[in-house]
Structures are given as structure tokens and as C-alpha cells.
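**Student:** All the letters of the sequence shown, read from the start, carry residue numbers -25 to -1, 1 to 356 under mature numbering (1 follows the signal peptide of the UniProt record, and there is no 0).
Since the hints were derived computationally from the structure, they do not count as laboratory data.
Note that the structure is predicted; figures quoted are calculated from it, not measured.
Treat the hints loosely; a few may be bogus.
As the list claims (entries may be wrong) - Listed next, the in silico DSSO-like pairs over lysine-lysine satisfying Cα-Cα at most 30 Å (straight line):
| hint | residue 1 | residue 2 |
| --- | --- | --- |
| 1 | K72 | K35 |
| 2 | K199 | K342 |
| 3 | K342 | K300 |
| 4 | K304 | K152 |
| 5 | K199 | K131 |
| 6 | K199 | K106 |
| 7 | K129 | K106 |
| 8 | K163 | K304 |
| 9 | K133 | K286 |
| 10 | K17 | K129 |
| 11 | K131 | K229 |
| 12 | K199 | K286 |
| 13 | K131 | K304 |
| 14 | K133 | K304 |
| 15 | K35 | K286 |
| 16 | K229 | K199 |
| 17 | K152 | K17 |
| 18 | K106 | K304 |
| 19 | K229 | K106 |
| 20 | K106 | K17 |
| 21 | K229 | K129 |
| 22 | K54 | K286 |
| 23 | K54 | K106 |
To be verified - Pairwise CB distance ranges, derived in the manner of DEER restraints:
| hint | residue 1 | residue 2 | range |
| --- | --- | --- | --- |
| 24 | L219 | Q270 | 16 to 26 Å |
| 25 | S235 | P174 | 35 to 45 Å |
| 26 | Q78 | L219 | 47 to 57 Å |
| 27 | P274 | G158 | 14 to 24 Å |
| 28 | Q94 | P254 | 41 to 51 Å |
| 29 | S343 | Q155 | 45 to 55 Å |
| 30 | E62 | G158 | 47 to 57 Å |
| 31 | P274 | V224 | 22 to 32 Å |
Even for Gly, the Cβ is constructed at its ideal location relative to N, Cα and C.
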Amino acid sequence: MKTTHLRKFALVLSVVILASFSTQDFTGNDDDFFLQSAFEGKFLFGAALNTSHINRTDTKGLEVLSQHFNSIVAENIMKSGLMQPSEGNFNFTMADKFVELGQEGNFHIVGHTLIWHSQAPRWFFTDSEGKDVSPEVLTQRMRDHIHTVVGRYKGKIKGWDVVNETILDDGSWRNSKFYQILGEDFVKLAFQFAHEADPEAELYYNDYSMANPGKREGVVRMVKNLQAQGVRIDGIGMQGHIGLDYPTVDEFEKSILAFSELGVTVMITELDLSVLPSPRRDMGADVATNVAYQQSLNPYTEGLPEDIQQKFDQRYRDFFGLFLKHHDKISRVTLWGIQDGDSWKNGWPVRGRTDYPLLFNRDYTPKSVVSDIITMARAQQ
């Protein structure tokens, strides 16, 4: 466990957490009851932080963070539209606070994300007349943005999601403005600029629906092409936005193996497990998708029925069993939030729903499956 002042927040909540594990036959010190300790020697265990964590107003969330997690990533505040809302005008206020919190707590800090078609500022792609800029101008703007942001946190942020979500489910390239203006080369350029800005930082590609065979093949093809050009890429982030019946554990495992065979580390990023009915089977995780509210899509406002809770617990056991099985290939598992109330799944793809996708309840207590996961992890020691 960490010994920084963030651990001081843990004193109040520790009583609740220890009580929740009273039925478990754990011996030893308090570390036995915390997830990060159970995963020690296997992989880092991370959480995405929102503004209430970064501004330190959610003290209970910080208590859970200090006990159970040893890696952090910013959920939104480091995306390019917020970091550089107008050309040359950078806003580092929240990013600086995030990095400061991470350093004080001795967390492994991940930067998210440098190049992403969504939440990129419009000016990035247009000239004074509103027309698309030339490839040369967009290249320079990418270089300036990446060098400035990565350079500011050189030696502090351990790894960067350099490019996010550029391959579609069928393995083809997303027709984003980056792709329209620069073609496939925008990915190569992004990784090159990030490496120039901080040669010691790890560089990742991150995407959702990575268990989809078509996307798996497309990402493998892209990474092999980058490697053939001498471009450094250290890891692939498999966003873990899963449901009660999708994707299959088998297909997810195939992707872990396929990506690992590229000679890069695999990370499970943005992990959450939605229990709510999906409006479409192929919903994926495209933030631009929105569906009108229907009561039938929000069935658990008063809590989960026992049968759904059992499915939820088993699903998390199945996936953490998979992660532990391949811990030699996986460097990090990161939840997309700390407790259920933090989760974007309450508002996507349908606003106003109540979901239960994370490992901690809205009152910050661990769910019953947490003790199961800890037992599974310790059984491998």
C-alpha cells in the first residue's frame, strides 16, 4: 500500500470495507483486502478520474482510489478540445492538478488522449475561411499539440493513449478529418511526435469493441504496418465496455493473444460492465451515438434483481479470470470510473438511466464480487 497523504483519507472507509469482507478467510495485514495488492506482480489496477476526483472534492472516491488502485487516467480533461480550445491557447489547469494528484499518490499516470476524432476542436481541421487545411498545416498542428502537451509532462506521465478509435468494426479506417486530410499517415505522425516529445514514455493505441474479429484484424494490420516503418508502439488498449452477454470471453481472449503476438503489451482500458438492455446489438462505444429514453431501457432504478446480480458477478469473475490467466501479457487493467455514480454508462447511449457497471457501489462500498476477485488473484500466488 502507498504511504502518501492520500492514504490518510482511507481511515474512515477502511472500517466499512473490512466489514464487507468479514466472511472471507483472509489473514495478514490490511493489504489483503485491497485489489491493487491482490494484483501485485501481475498487472497495475487503474481508475479513470473525473473532475470531482481531480479537484479533490470527492474525498470518499479518493479514499477508495488510494486503497484499491495504483494507476490513474483522466476521463475527459486531457482531450484535445479541452486542452487547446483555440489555436495556441492551452488550458493546463485541470491536467496539472491531475498529474499533481498522481505524483503525490505515487500512481502510475496515463495520459488520455492525444489524437481522437471526437472531442477534437474544430479549428484543428479548418482555415480562416472554414475550409479543410492542407496536410502540411494539419501535420504542424498535430506536432505543436503533441509536443506541447507531452513535453509539459515529460518524465511525469508514464504512458500515453496516442491515438484513439481510428479502426472500425469491419477493420477499415474511420473516415475522420484526420484520415481525410492525412490518410493513414496521421497515426504514424502522432506516434512519431509523441516519441520525440518524451522518448521514455510508453505509447499506446486504444480502441473499443476490440473482441470483434474484424476490428482485431484491422488493428493487427495497422500495427504491423507501423512496426514495418520503424514506428514505436508499446501497447494496445482494449477498451472493456462489456455487457452481460457480449462480447464472448473466447473472442476477447483471441484478441489478447493476437495483440500480444505483435510484441506489444496489452492493456484492458475503460472497463465497465453494463447490466442495462442495449438498444442495438452492435452499439459499440461511439460517444456520438444517442438513443431516445424509453422506460423499458431503464429497468433497474431501484436496484438489481437477484438473477441480474448473479449474472453481473459471474461475468466479472469470468473476465478477471481471463485477465489473471494472461497476466504475463497484460500490464494494466483500468476501470472507467471508481463507483457506479461516476460512470458514463448512466448517460450513454441513453441519457437518464441508472446503471451499475463498476466494482464499487454508489455509497463507495465494494460489491460482493470484489472479494471473489481478490480470492482468485491470491490463488495464483
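**Student:** Hint by hint, say whether it matches the structure.
**Tutor:** A quick look at each hint next to the structure:
The hinted pair formed by K72 and K35 meets the criterion: a straight-line CA distance of about 18 Å does not exceed 30 Å. For the proposed pair K199 and K342, the alpha carbon gap of about 40 Å is over 30 Å, so the pair is violated. Of the supplied pair hints, the one linking K342 and K300 holds, its CA atoms being roughly 22 Å apart against a limit of 30 Å. Taking the CA atoms of K304 and K152, the gap is near 34 Å; set against the 30 Å cutoff, the hint is violated.
Note on K199 and K131: the hinted pairing holds, with a Cα-Cα distance of about 29 Å set against a maximum of 30 Å. Straight-line distance between C-alpha atoms of K199 and K106 comes to about 34 Å, which puts the hinted pair past the 30 Å bound. For the hint linking K129 to K106, the alpha-carbon distance of about 34 Å lies beyond 30 Å, and the restraint is violated. For the given pair, K163 sits about 24 Å from K304 by alpha-carbon distance, which is consistent with the 30 Å threshold.
Proximity of K133 to K286 is assessed by CA-CA distance (about 36 Å); at most 30 Å being required, the pair is judged violated. This hinted pair checks out: K17 and K129 have alpha carbons roughly 26 Å apart, not beyond 30 Å. Between K131 and K229 the CA atoms are separated by roughly 33 Å; this puts the pair beyond 30 Å, and the hint is violated. A hinted pair counts as satisfied when its Cα atoms are at most 30 Å apart, and K199 with K286 does not qualify at roughly 38 Å.
Restraint check: the Cα-Cα separation between K131 and K304 comes to about 24 Å, which is no more than 30 Å; the hinted pair holds. Taking the CA atoms of K133 and K304, the gap is about 18 Å. The hint holds against a cut of 30 Å. With a C-alpha separation of about 28 Å, the suggested pairing of K35 with K286 holds against the 30 Å cut-off. Simply put, K229 and K199 have alpha-carbon atoms about 17 Å apart, close enough for the 30 Å limit, and the pair holds.
At most 30 Å may separate the alpha-carbon atoms for a hinted pair to count; K152 and K17 exceed this at roughly 39 Å. Taking the CA atoms of K106 and K304, the gap is about 45 Å. The hint is violated against a cut of 30 Å. With a CA separation close to 43 Å, the supplied pair K229 and K106 exceeds the 30 Å bound. Of the supplied pair hints, the one linking K106 and K17 is violated, its CA atoms being roughly 50 Å apart against a limit of 30 Å.
Of the pairs offered as hints, the one joining K229 and K129 is violated, with about 34 Å between alpha carbons and a cut-off of 30 Å exceeded. A C-alpha spacing of about 34 Å is found between K54 and K286, which places the hinted pair above 30 Å, so the restraint is violated. Taking the CA atoms of K54 and K106, the gap is near 23 Å; set against the 30 Å cutoff, the hint holds. One distance hint, 16 to 26 Å for the beta-carbon pair L219 and Q270, holds here, with the actual separation near 19 Å.
Between S235 and P174 the C-beta distance comes to about 24 Å, which lies outside the given range of 35 to 45 Å. About 38 Å separates the C-beta atoms of Q78 and L219, a value inconsistent with the hinted range of 47 to 57 Å. Separated by about 45 Å at the C-beta atoms, P274 and G158 break the suggested range of 14 to 24 Å. Between Q94 and P254 the beta carbon distance is about 23 Å. The supplied range of 41 to 51 Å is therefore violated.
Range check, S343 to Q155: about 49 Å between beta-carbon atoms, so the 45 to 55 Å window is met. About 23 Å separates the C-beta atoms of E62 and G158, a value inconsistent with the hinted range of 47 to 57 Å. At roughly 25 Å, the beta-carbon separation of P274 and V224 lies within the given 22 to 32 Å, and the hint holds.
The structure is inconsistent with the numbered hints 2, 4, 6, 7, 9, 11, 12, 17, 18, 19, 20, 21, 22, 25, 26, 27, 28 and 30, although it conforms to all the rest.
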